[in-house]
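Protein chains: 2
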Amino acid sequence: MTVLTAPGFSGAAPTLPSVAARLACRAGNAEQTAGLAPGYVQGNLAILPENLAASFHRFCQQNPKPCPIIGMSEVGDPKIPSLGLDLDIRTDLPRYRVWRDGEMVDEPTDIMAHWREDLVAFVIGCSFSFEEALMADELPIRHIEQGVRVPMYRTNIACAPAGPFAGPMVVSMRPLKPKDAIRAVQITSRFPSVHGAPVHLGLPQSIGIKDIAKPDYGDPVQIKDDEIPVFWACGVTPQAVIAAARVPFAITHSPGLMLVTDLKNKQLAVL
Amino acid sequence: MTVLTAPGFSGAAPTLPSVAARLACRAGNAEQTAGLAPGYVQGNLAILPENLAASFHRFCQQNPKPCPIIGMSEVGDPKIPSLGLDLDIRTDLPRYRVWRDGEMVDEPTDIMAHWREDLVAFVIGCSFSFEEALMADELPIRHIEQGVRVPMYRTNIACAPAGPFAGPMVVSMRPLKPKDAIRAVQITSRFPSVHGAPVHLGLPQSIGIKDIAKPDYGDPVQIKDDEIPVFWACGVTPQAVIAAARVPFAITHSPGLMLVTDLKNKQLAVL
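Just so you know, the sequences run in chain order A and B. Here our numbering is used: the first residue of the first sequence is 1, the next is one more, and so on. Here our numbering is used: the first residue of the second sequence is 1, the next is one more, and so on.
Among these hints, one or two may not hold up.
In silico lysine-lysine, BS3-like type, Cα no more than 30 Å apart, as pairs [said to hold, decoys possible]:
(1) B:K79 <-> A:K214
(2) A:K179 <-> B:K224
(3) A:K210 <-> B:K65
(4) B:K79 <-> A:K177
(5) A:K266 <-> B:K179
Derived from the structure by calculation, the hints contain no laboratory data.
Work out the full structure: start from the sequences and follow the hints.
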């Protein structure tokens with residue numbers, strides 16, 4: 001687990017953009033979190049009962065590329081001070097998904113009614129952070145240009161299993177010119193806690209993708225003649241694994257509605 | 001120019017493997033330098049009269065990926081102490097090529113008879129160094145497996161010209177599985193003074209390569225169905241540029257017969 005300390009939050013100091021974004025999410029005023037609080041890390045959420053949390057933690061430990069943990073709570077504690085002093089995991093995402101036995105049973109804007117003393121929250125790094133670094137280097141991000149969701153694919157790359165958690169790695173795809181793909185490997189290698197370097201490029205069929213035009217999640221994007229598809233491990237992997245495990249109880253974020261933290265993306269760079 | 005200091009050479013100390021290799025070359029006992037003194041940097045050689053050396057130096061400065069200078073001499077001085085205290089550039093390569101007006105006129109085992117007070121020697125990093133790092137990471141190098149020369153191609157990537165020196169970048173190609181190609185980008189990015197990260201991967205036609213099975217220099221190698229071609233800037237570029245410039249006088253190394261230096265490959269790693 002990456003241990004990072006966020007700047008402190010104090011009522012007397014100017015409000016951080018991330019805190020303002022989180023307060024807006026808490027108040028139910030966010031339709032999506034993409035674009036909120038630029039420069040700040042957003043994360044995927046997975047909440048599990050303590051009796052499953054150890055297995056899930058081990059799953060993440062063994063599969064750090066799709067499941068990089070950037071913060072987690074104590075058992076039963078809805079706070080994660082390392083990601084924001086005021087942060088309350090029960091209220092600070094715009095929308096949640098509540099799962100029972102592998103079925104989504106509720107999609108509430110807070111989980112006060114679902115919180116239990118045995119729950120553990122995991123916050124997992126997301127590609128927004130490395131996309132910001134790619135764009136800062138003026139690399140084009142096709143799905144952002146086209147205004148659609150990133151295309152994602154189930155692969156034939158098996159995650160290392162842990163307890164009930166097992167399944168294939170899900171990857172996101174961004175088409176790039178070869179020289180930009182090389183640059184993207186360099187840039188994203190600096191960000192191991194938000195999926196890091198690509199896991200694959202070119203040759204979609206080598207990782208079990210039969211039709212690049214038909215993603216399993218998200219939307220298809222154009223791949224130009226002078227571009228190759230570049231694949232990164234994706235934070236949808238743990239969500240798919242939790243759903244496939246049909247565990248008695250779990251809570252996740254609703255797609256596109258992430259947790260905004262007080263960590264800055266640049267803090268995640270290892271170099 | 002990368003400034004590095006080689007370990008000192010003293011008659012009293014145990015002889016470095018690089019010094020032993022250089023003495024063997026000096027005595028004319030080396031048929032090739034590949035495999036000599038493992039761990040030590042080998043370099044391409046280009047020697048030009050002072051009135052052309054400034055332009056050539058500027059060419060290298062502007063094209064650091066194909067022409068990374070790892071050492072150069074003072075005008076008229078055959079020593080390059082930073083690469084080896086005892087090193088004599090006139091005798092320490094197994095074989096040289098002497099060029100007049102763009103034609104090779106001699107291929108001697110030393111250049112004592114050709115040395116002049118106005119000559120400047122440039123030693124340029126070579127791919128042996130990064131191939132050693134790739135193999136240390138257990139990545140396969142196809143031309144080494146097949147026992148042939150690395151395939152090299154003229155591209156449509158124009159070098160930045162300087163004085164009479166101009167022309168396309170020449171690249172070397174190594175086929176790799178996509179995940180190994182990503183790893184190779186990371187590894188070779190650590191070695192900017194020996195060509196650094198690849199300049200291209202996949203899509204040979206994008207850089208003007210019409211038939212990957214017909215290299216312009218070296219030998220063809222097998223590319224398996226699950227591999228992509230990965231292209232690095234190549235030290236043949238400055239040699240091709242010197243030949244194309246048809247300069248009145250130049251000396252280079254003979255292909256495959258490089259200068260063995262006292263620098264260690266691991267010293268060249270920036271991380």
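| said: Need the status of pair A:K210, B:K65: alpha-carbon distance at most 30 Å? | reply: 37 Å, violated
| query | Do the alpha carbons of A:K266 and B:K179 lie within 30 Å of each other, as the hint requires? | reply | 26 Å, holds
| query | If you draw a straight line from the CA of B:K79 to the CA of A:K214, is it 30 Å or shorter? | reply | With Cα atoms ~62 Å apart, B:K79 and A:K214 exceed 30 Å; violated.
| query | When you check the alpha-carbon spacing of A:K179 and B:K224, does it fall within 30 Å? | reply | Judged against 30 Å, a Cα distance of about 22 Å means the pair holds.
| Going straight from one Cα to the other, do B:K79 and A:K177 come out at no more than 30 Å? | Between B:K79 and A:K177 the Cα gap is close to 44 Å, so the pair fails against 30 Å, i.e. violated.
When held up to the earlier numbered hints, the structure conflicts with 1, 3 and 4 and fits the remainder.
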